[in-house]
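J.: Counting from 1, one number per residue, gives the positions in the sequence shown under the working numbering.
It should be emphasised that the hints constitute simulated quantities derived from the structure, not laboratory data.
Computed from a predicted structure; not experimentally measured.
For every residue, glycine included, the Cβ atom is placed at its ideal position computed from N, Cα and C.
Heads up, some of the hints might be wrong.
Label-pair restraints from in silico Cβ distances [claimed, not checked]: (1) L157 <-> R80: 15 to 25 Å; (2) Q17 <-> E119: 47 to 57 Å; (3) E108 <-> R65: 20 to 30 Å; (4) P9 <-> G66: 26 to 36 Å; (5) R112 <-> T54: 40 to 50 Å; (6) Q17 <-> W114: 43 to 53 Å; (7) R23 <-> G68: 41 to 51 Å; (8) R25 <-> E104: 48 to 58 Å; (9) P50 <-> L148: 21 to 31 Å; (10) E108 <-> R42: 38 to 48 Å; (11) G52 <-> N133: 13 to 23 Å.
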Amino acid sequence: MIPEAPARPISIHEEIQQSKPFRTRSQEAFLALLRTADDMRRRVSQVLEPAGVTLQQYNVLRILRGAGPNGLATLAIAERMVERTPGVTRLIDRMEEKGWVTRERCTEDRRRVWCRITEQGLRLLAPLDPQVNAVDDSLEQVLEQDELAALIRYLDLLRDRLNQSDS
1 MIPEAPARPI
11 SIHEEIQQSK
21 PFRTRSQEAF
31 LALLRTADDM
41 RRRVSQVLEP
51 AGVTLQQYNV
61 LRILRGAGPN
71 GLATLAIAER
81 MVERTPGVTR
91 LIDRMEEKGW
101 VTRERCTEDR
111 RRVWCRITEQ
121 GLRLLAPLDP
131 QVNAVDDSLE
141 QVLEQDELAA
151 LIRYLDLLRD
161 RLNQSDS
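All chains, please: the whole structure from these sequences, using the hints.
T.: So, in C-alpha cells, the structure goes:
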C-alpha cells in the first residue's frame, strides 16, 4: 500500500483568491504573515469575547499579573504590549471602570501613573488562561518542534531587522 501524500497547504494566493501574481515575493510573504496573524487573533478573540474582554485588555491584565503587587507604570505597560497601541491610557480607563485594574499617581513624579491588577481582574483571567493556552498549544498540533523553532527564529530576525531599519 502506498502512503498518502500529505495535502498541499492552501497558498495565500489561493486563500485570498488573488487573480494576478503578487507584485513581489516580499508582498506575498507580508500578506501571508498578516493573514496568519489575523487567523490566530480571531481564535483568541473567540475565547475572550464571551467574557467581555478584548485581546488588548487581556494582554494588559497578563502584563499586570506578571508585574506582581507593585504594578507597573502606564508607559511600561505600553512598551510590553504585544500589539502596541497609542491609546493605552484610554484602554486602562475602561479597564478601571470595569474594576479589573487600579491606578495611583506616583508621589515623586505626578506624571507617572502606577497600575495594578485587582482581585476581580485576577478572577477574570483564571478561567481564560487554559483556553488561551490551548490556542497557543494548537501550533504544536500543526508544526513540528524544529519547525516552530525555525518560525520563531525567522520572526525574531524579521522584527529585529525591521526595527533596525526604522532607527
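J.: So, against the hints stated earlier in the document, which numbers end up violated here?
T.: Those not satisfied come down to hint 5.
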